[in-house]
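Colleague: Chains as they are written, first to last, in my numbering: chain E, 1 to 441; chain W, 1001 to 1319.
Using 25 Å as the maximum straight-line C-alpha spacing, the simulated SDA-like pairs for lysine to any residue come out as follows: (1) LYS1074/W <-> SER77/E; (2) LYS1149/W <-> LEU403/E; (3) LYS417/E <-> TRP1103/W; (4) LYS1149/W <-> TRP36/E; (5) LYS157/E <-> LYS186/E; (6) LYS257/E <-> TYR1161/W; (7) LYS1254/W <-> LEU403/E; (8) LYS1149/W <-> VAL198/E; (9) LYS152/E <-> LEU383/E; (10) LYS433/E <-> ARG1068/W; (11) LYS58/E <-> ALA336/E; (12) LYS1279/W <-> GLU97/E; (13) LYS417/E <-> GLN1092/W; (14) LYS436/E <-> GLY1075/W; (15) LYS304/E <-> ASP194/E; (16) LYS417/E <-> HIS1099/W; (17) LYS436/E <-> LYS1279/W.
Simulated from the structure, these hints should not be mistaken for laboratory data.
This structure is a prediction, so every number in the text was calculated from the model and none was measured.
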Amino acid sequence: MRKFLAVSAFAIAAAAGIAASSAASATTLTLCWAAWDPANALVELSKDFTAKSGIDMKFEFVPWTNYADRFLNELNSHSKLCDLIIGDSQWVGGSAENGHYVKLNDFFDKEGIKMSDFVDATVVGYSEWPKNSPNYWALPAMADAVGWTYRKDWFSKPELQAEFKQKYGHDLAPPKTYEELMQIGKFFQGRNVDGKTVYGAYIFTERGSEGITMGVTNVLYDYGFEYDNPKKPYQMEGFVNSDGAVKGLEFYKELYKCCTAPGMTNAYMTEGLDAFKSGQVAMQMNWFAFFPGLFKDPNVGGDKIGFFPNPAVGKTQFSQLGGQGISVVSYSEHRAEALQYIKWFANPAVQQKWWDIGGYSALKAVVEAPGFPKSAPFAPDFLKTMGFVKDFWAEPSYAQLLLAMQKRVHDYVVADKGTAKEALDLIVKDWTKVFKDDGKI
Amino acid sequence: MADLGVPNLADRLAAATPETIAKPIRGLSDRALAWLFIAPSIVLLLAINIFPLIWTIYLSFTNYRANRPNAPIKGVGIDNYVSILTDADVWQPMQATAHFVLWTILIETVLGFGLAFLIDRKFRGHGLWTTIILIPMMLSPAVVGNFWKFIYQPQTGLFNYLIGMLTGQSASSFEMIGSVRLAPWSIIIVDVWMWTPYVVLICLAGLRSIPDYIYEAAEVDRASKWRQFWTITLPMALPFIMLAVLFRGIENFKMFDMVNLLTSGGPGSTTEVASITLKREAFESWRTGYSSAFAIILFVTVFGLANIYVKALNQVKSR
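Please build the complete structure, drawing on both the sequences and the hints.
Modeller: Written out as structure tokens, the structure reads:
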């Protein structure tokens, strides 16, 4: 018996040793991103990379609500967890200045990867720091912006069309202006459609991370809000709290009050998807990244769903930039392999497949191809939107700037505290303090 | 220690261990041996409690930011403390915390003692009811926060449905976590639901520690039940009630998880308790020096209040 046990133990130890040595010989890259539909598409796409290079891929996906907290903690603690990270556009300043990301200029030059091959807004938004300078810290990986979905089947009901036209004097159709959007929102609010009470619109109101800021900025931009004086950086008085910005903020609050479903006081992407998929709302603000999934939804997708870009105010039309670039983490022990992944990912054929399976390529060869607008029902709106995007601050102190805006806007829009002017004045005050502490003013 | 012919603890221990280990042990005094035994705990305590505390105090006087390791650390004196104590945006969370702590303690104590008083009696199924009452406190605050979020959902949530049914109002006519007026109460309700059983448990221990003969003597003296309650039950259970209040007070002062999951501090900043502000400053804004000062202020507040309270508790116990 004793002999049997000794032989068994030896066999187990030998097997474990073999397994350990084979595991040690193969490199595994860990890619960190948010847990959402495109991440699943990336897992599928990356199987081609493993097949081609023999490098295994491991994924660390975190829900959006904890995404920034978790990965910024990893970066700040110089963790080796992530070899590659698809980090939010606002992280680029801090990650570049604090040495978290590998600068990619030399690598791009060596491999012939040209930033001019990518959509301009994504290069500025995801890759450059300082902005508008040829210093690249990421390859545009997932182009994204805010757009809208609507219930095409409800909009096409003759009785609703007739009633809407009689009330507002124009057709019930995807809104071209925010004024029209509010009319449609009010029209559907509390209405009985197919035996069910429905609501006008879903908009971002989340307090904890970035939600309400990512929602309200869409409207603010159109109404004339600027982050600072274009001619004098960091001068915010009269730009953040301009008369137009005040009107924009008041509009967002009115839209929230008039046209959203009850309980949407702390709602972001997931709540919007739930509201739309459960047939609760006529129109939904959300990121384009979710639209492929919504189009495939058996209950509200296909013929029932339509898409439209952010409405305009007069001739002004902007959208909040989302999306991310992919960067190599400077603390990675597999830097060469991580760069190999980026080289592979930048390949036009891979980028085309990325779009085909549910990701959003930022490569011009993909999105400006003649067949692109017809490749998906939301593709034309996506392309149009990427032409008028704006992004939040990408300064190293972006988190403080974001927290301040989250607080002031939520206080005004959801908690009815103060006026729009007061909220924007407080944002100017908070942001000024942040930039003063940073020595920028 | 006087040698009474009995081998001391070190010698007995040495005799029972292998020679290699026994050699250094032999000859140690009991006191030295005691220090040897508690040394690992002390080292651990110093490493994970005392050192971080001292380090936090040091950081609170600097401009340090954990997300900028390359930036020079500058001493800022008491600027962080002054800035916190004069900032209206900090006092608002302190008020929200005070509101939360005071009301939860009051309601949990009254309800907890009342329930303990009821289930202290022998009745049919009393064991089952005790178990049922204790279930909420066994759940994780993260789970509780998440499912109460669903319960409070105005259109489909059970809470609004029940209130609607009782009052005849439409269920979606009011929002618990979305309303500035009701949100502070929504977190109080959840905390009361979850932690009243804890108070019940402590009060029950207090009630069961009262000897029966005291009640028997009171019966002989023909004291009414009401009189027995005020002169025997309450005074004798009071130290336990006060202990429960102390524990709940400390816990709720640093409440984070449940509130964060339920309201994220909203709407606006209505339910932003101090620990949420602290987390935002420390791990979202990365103002490490500032947040260290804030943490010290909170620590001193809780420690000071708890000390005053413990003195009062000792006075009650010594009566």
